[in-house]
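3 is the number of the first residue of the sequence shown in my numbering; add one for each residue after it.
Hint data in this document are derived by calculation from the structure and do not stem from the laboratory. As the structure is a prediction and not an experimental result, all values here were calculated from the model. Keep in mind that a hint or two might mislead.
Computed list of lysine-lysine pairs in BS3-like fashion (alpha-carbon distance at most 25 Å, straight line) [stated by the list, open to error]:
#, residue 1, residue 2
1, 109, 123
2, 93, 80
3, 93, 109
4, 101, 123
5, 191, 163
6, 123, 144
7, 101, 144
8, 80, 121
9, 102, 163
10, 191, 144
11, 86, 133
12, 86, 121
13, 123, 102
14, 191, 179
15, 86, 109
16, 109, 80
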Amino acid sequence: MILSSSSSSFWTMRSLRRQSTSKPIALIYLSLNFFYVPVVVGCLILWLCVGSGKLRLEEESDLYFNTRYFEELILEGKLDDAEKYLSEFTKMDDNRHSKKIIFEIRKQKFLEALDRNEKTKALDILLNELKVFARGNPELFKEMVAFLTLENFREHEQLSKYEDTNRARQMMLVELKNLIDANPLLREKLQFPNVMAFRLPHLVNQR
C-alpha cells in the first residue's frame, strides 16, 4: 500500500534525517511505502529489541544460550537462578557435561553455605541436591559429608587452596565454560540467531 507520492516522500525523508531518532522512523516509513504492513511490524520489533539490547530470545525458545547472562548469575552468586536457566536447555541426565555443570553449581552452593558457617543449610543442600550424585561417585559424597565435621573446611586437603567466595566462583566459571563448549546440547546455541531470518520471513508469509 502506497501512503504518499514520491515527491512528498522525498521531502518527508529529508525532515526525518534531521531528527535524532530518524533511523527507526525512516525504516518504518520506507517499509510502509515499499513493503507489506507485517514487514513494518517485524522491523519495529527488530529495532526495539535488538537496538535496545533487551532481546531475550532464549526466554521464548531454546535457540540461544546466553552465556553472558549465565556468567553474571554465577558471579553474583545467584546459583539457583543459574541452574534454573540451564534447565531450560538441558537436564542432568542428558549427558555427562550437563551433569558435571549442575554438580559444580550445587557443590559451590554447598561450600558457600559452609563458608558462611550455615551448616544446617549446607546439610540441606548435601542431602537434597548433592546426594543424587552419590550413585556415580559414593566416595566423593562421603568426602563432602566430612566437610561438615570440620571447623573450617579449608583444613581438608582437597580444599586447602579455596580462597574467598568471589575467587571460587571465577575459578568454577572457567570450568563451566569448558563444559558448555563441550556440551553438544549447548555449543550450537552460543551464537545469537539471525533475528531477521527467523522473524521477518515468517511475518511476510502470514500476510
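Hint by hint, here is what the structure shows:
{"no.": "1", "hint": "109 x 123", "in the structure": "holds (13 Å)"}
{"no.": "2", "hint": "93 x 80", "in the structure": "holds (19 Å)"}
{"no.": "3", "hint": "93 x 109", "in the structure": "holds (17 Å)"}
{"no.": "4", "hint": "101 x 123", "in the structure": "holds (22 Å)"}
{"no.": "5", "hint": "191 x 163", "in the structure": "violated (34 Å)"}
{"no.": "6", "hint": "123 x 144", "in the structure": "holds (17 Å)"}
{"no.": "7", "hint": "101 x 144", "in the structure": "holds (19 Å)"}
{"no.": "8", "hint": "80 x 121", "in the structure": "holds (19 Å)"}
{"no.": "9", "hint": "102 x 163", "in the structure": "holds (21 Å)"}
{"no.": "10", "hint": "191 x 144", "in the structure": "violated (36 Å)"}
{"no.": "11", "hint": "86 x 133", "in the structure": "holds (19 Å)"}
{"no.": "12", "hint": "86 x 121", "in the structure": "holds (24 Å)"}
{"no.": "13", "hint": "123 x 102", "in the structure": "holds (22 Å)"}
{"no.": "14", "hint": "191 x 179", "in the structure": "holds (13 Å)"}
{"no.": "15", "hint": "86 x 109", "in the structure": "holds (15 Å)"}
{"no.": "16", "hint": "109 x 80", "in the structure": "holds (14 Å)"}
The structure shown violates the earlier hints numbered 5 and 10.
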